[in-house]
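One-letter residues, chain by chain:
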Amino acid sequence: MAAHCLEFHDLTRRFGRLSVLTRVSGRVEGGSTLLVRGKNGSGKSTLLRCLAGLLAPDAGTIRAVEEGRELEGALRRRRVGYVAPDLALYEELSVLENLEFFARLRGVAVERARELADRLWLPTDRGAGALSSGMRQRLRWAWALLHRPRLLLLDEPFQNLDAEGEQALRGALTDHLASGGLAVVASPTPLPLDGGVDELDLDR
Amino acid sequence: MSSTWIAEAAAVFAKDWRCELRARHAVTTLGLFAVTSLIVASLALGPVGIAPAERIAFAPVLIWLILLFSSAAGLPRVFVHEEESRTATALRLAATPSAVFVGKAAHSFSVLLAVEAVVAPLALALLQIEATRVGMLAAALVLGGFGLAVASTLLAAIVAQGRGRTTLFAALAFPVLVPLLALAVVLTRAAFGATPPEGVLMQLLLYDASVTVAGLMLFPAVWNP
Numbered sequence: 034m035a036a037h038c039l040e041f042h043d044l045t046r047r048f049g050r051l052s053v054l055t056r057v058s059g060r061v062e063g064g065s066t067l068l069v070r071g072k073n074g075s076g077k078s079t080l081l082r083c084l085a086g087l088l089a090p091d092a093g094t095i096r097a098v099e100e101g102r103e104l105e106g107a108l109r110r111r112r113v114g115y116v117a118p119d120l121a122l123y124e125e126l127s128v129l130e131n132l133e134f135f136a137r138l139r140g141v142a143v144e145r146a147r148e149l150a151d152r153l154w155l156p157t158d159r160g161a162g163a164l165s166s167g168m169r170q171r172l173r174w175a176w177a178l179l180h181r182p183r184l185l186l187l188d189e190p191f192q193n194l195d196a197e198g199e200q201a202l203r204g205a206l207t208d209h210l211a212s213g214g215l216a217v218v219a220s221p222t223p224l225p226l227d228g229g230v231d232e233l234d235l236d237r
Numbered sequence: 177m178s179s180t181w182i183a184e185a186a187a188v189f190a191k192d193w194r195c196e197l198r199a200r201h202a203v204t205t206l207g208l209f210a211v212t213s214l215i216v217a218s219l220a221l222g223p224v225g226i227a228p229a230e231r232i233a234f235a236p237v238l239i240w241l242i243l244l245f246s247s248a249a250g251l252p253r254v255f256v257h258e259e260e261s262r263t264a265t266a267l268r269l270a271a272t273p274s275a276v277f278v279g280k281a282a283h284s285f286s287v288l289l290a291v292e293a294v295v296a297p298l299a300l301a302l303l304q305i306e307a308t309r310v311g312m313l314a315a316a317l318v319l320g321g322f323g324l325a326v327a328s329t330l331l332a333a334i335v336a337q338g339r340g341r342t343t344l345f346a347a348l349a350f351p352v353l354v355p356l357l358a359l360a361v362v363l364t365r366a367a368f369g370a371t372p373p374e375g376v377l378m379q380l381l382l383y384d385a386s387v388t389v390a391g392l393m394l395f396p397a398v399w400n401p
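Chains H and W are the protein sequences, given in the same order.
Number 195 in my numbering belongs to position 162 of the first sequence; there are no gaps in the numbering.
Number 250 in my numbering belongs to position 74 of the second sequence; there are no gaps in the numbering.
Pulled out of the complex, with its shape left as it was, chain W reads as follows (with noise of 0.2 Å):
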């Protein structure tokens, strides 16, 4: 890993903030599909809902159901608008490709905890649960969040390059993420009390170091003709 490789990493990154920041796509349309379905959900869930015991085995879902439709409704923008604008032509000569992947992800990866930020403060508050190990709460968010933001990143560049992307988006990403998810909310059911069970934590780095490897590995030949 070269110097001039994180260079470019980290000005792909920096670009695609910059983009965001005075466009607002990724930004508004991930944070008012969440926000908006928590307090629906919330609503209709929350103190006067339902009993405290099944608050705390119904948030984790609901909290990781919210991110993962937040992300499908905002993510796939990062190639999709490359492509659109034809501004991908540019960016495939000038920069390695892996540089790319890396720096759209971790451009996904900090969308996706900036509403991770709001989201679950504003979960805990509005269903009234408390986080008994909060360590926990933000190991499953952070970690949850990486898989998502780098599984979704290289989905992303899939469906770019076709027709029907919203669809071929949600096909192929419910398989890949449904082991992601299934470990996120065992994690996050352990930190609001739940009985933590051996391994998840470990099982869930070990899926995100598989999907970060898989997308650097299968990136290059998705990018490039």
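Only chain H is shown next, with the shape it has when bound in the complex (with noise of 0.2 Å):
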């Protein structure tokens, strides 16, 4: 068995009578990254939230290993690190504030913050309602990156970043990869990565 693994079979999910996604199933290991293709509305985000423990599926079973052992609903929901453009940090604060406060939630020295922010070229001293699409964007990844997580789920992942940015979060991403941890990303259109990569596509 896998040290890192994530699975998931015939996966169901209805929102009242539209059925979003029916029957979806893929597995990604340690190391390696799935890439979820589709259309808008083929059920990419939902799928994702499924994943995190964020939405119950209706029908399936997803299975997810962690260093050897298998983690329960609940903590899986705490083990994931999760980019979505849906995921919103608290306005009121700074984003070193947003990053400590979760930083203590997650039980990571809040020292761990600063570094990911200095990784990420993040202005630590503004306010997170103050930031531009790229650098909310690059906060999401901060956030998702706190607690060293062994499974990445990431909702279109690069968008709204220029240049550098995408460059630093591929770095984070290579990274993850080379460190044994696992992706799954979503994207509706083609999307090059590093490493292996399965594909999934929700359109067929």
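Estimated spans, in silico, between C-beta atoms of each pair:
{"id": "1", "chain 1": "H", "residue 1": "D236", "chain 2": "W", "residue 2": "S213", "range": "57 to 67 Å"}
{"id": "2", "chain 1": "H", "residue 1": "D43", "chain 2": "W", "residue 2": "A183", "range": "32 to 42 Å"}
{"id": "3", "chain 1": "H", "residue 1": "D227", "chain 2": "W", "residue 2": "A190", "range": "34 to 44 Å"}
{"id": "4", "chain 1": "H", "residue 1": "A196", "chain 2": "W", "residue 2": "L289", "range": "49 to 59 Å"}
{"id": "5", "chain 1": "H", "residue 1": "S52", "chain 2": "W", "residue 2": "S213", "range": "45 to 55 Å"}
Stretches of chain H that chain W covers, calculated by requiring three or more beta carbons in the stretch to come under 8 Å of a beta carbon on chain W:
{"id": "6", "region": "107-113"}
{"id": "7", "region": "119-126"}
{"id": "8", "region": "130-136"}
Keep in mind the hints are simulated off the structure, nothing from the lab.
We put the beta carbon where it would ideally sit given N, CA and C, even for glycine.
Two chains, two frames, a set of hints: combine them into the complex.
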């Protein structure tokens, strides 16, 4: 059994009468990426929300393994690193205050907050509400990487970024995969990624 | 109860206060409503309005109605704002649900204590009533405020998931809070000189314990899918 892996079988999710996911299955192991492709509305974000434990699927199973240990639903929710357009941090707090708050929640040394802010060139003293969309995306990444997750769930991870920002975040993803972590990346368009990449096309 | 869990609850409490001090939403809403309604009621029912004996009977009802409506106006925000500003997702993924509940309930309680610290002395002054049992008044305000804050926090988490939030909060809050308010009014009246009925303090303690246990048990199911 792989030290880190995420697999899901026959996931189905409806919103009222609208069926968004129908019997979707996939698997990804440590060091590799599962690229989830599909048009707008094909269910990519719903799939990632189910994998993160933010939505309960109507049917199907999800199995996450970290360090050879299976993660139950509530533990999986707390262990994943999640980046998505609908993820927001506190606009009343500065970048550093946001990251330090979540570091305390996650039981991580608060120095990790500054380390990530520096690595992603985030303006630490600026209010989160005053960030550009690109800087907000960098902040989402810093938030997701705080607790050094082994399972990264990335929904359109490079949107709104300038070249410097995309390079920094691609570097973070490469380091994550090189250390044995795994990633599920959702994108509506082709997305070149380093390392071993499997594809799951939700339009088929 | 681990040190990590306590640290999480403390972090949520501190974060909510930091955001509150910058946005000043809850304190402004609760404080403005409480002081305005108290002054309006006192002008009509104060020294020239009704007899001293009637004032002693009426003042506890007035104080607790003001605290109830103030909390209904301001406290649901603790979760509604998290959902509306889409910060709830980050909080769900990073924190233990029970620690979120305790941190938010503690924040609501401290906001309510601050409002009580203004409302109670102001009511005594405007209505010209003397608290003959100050300790009992303090117990009524602390225990009643605690129950009100904890119940409001749980109800706020429930209504934040649905539409028609304000109406839903009111509909859910009143049956849950009626026993608490009845007990708090009786204890407050005793603090103003009425004969204290037996067991009210214990009943108030039991209510607070019950609503805390219910909150800790129900909150994870309300908070997570």
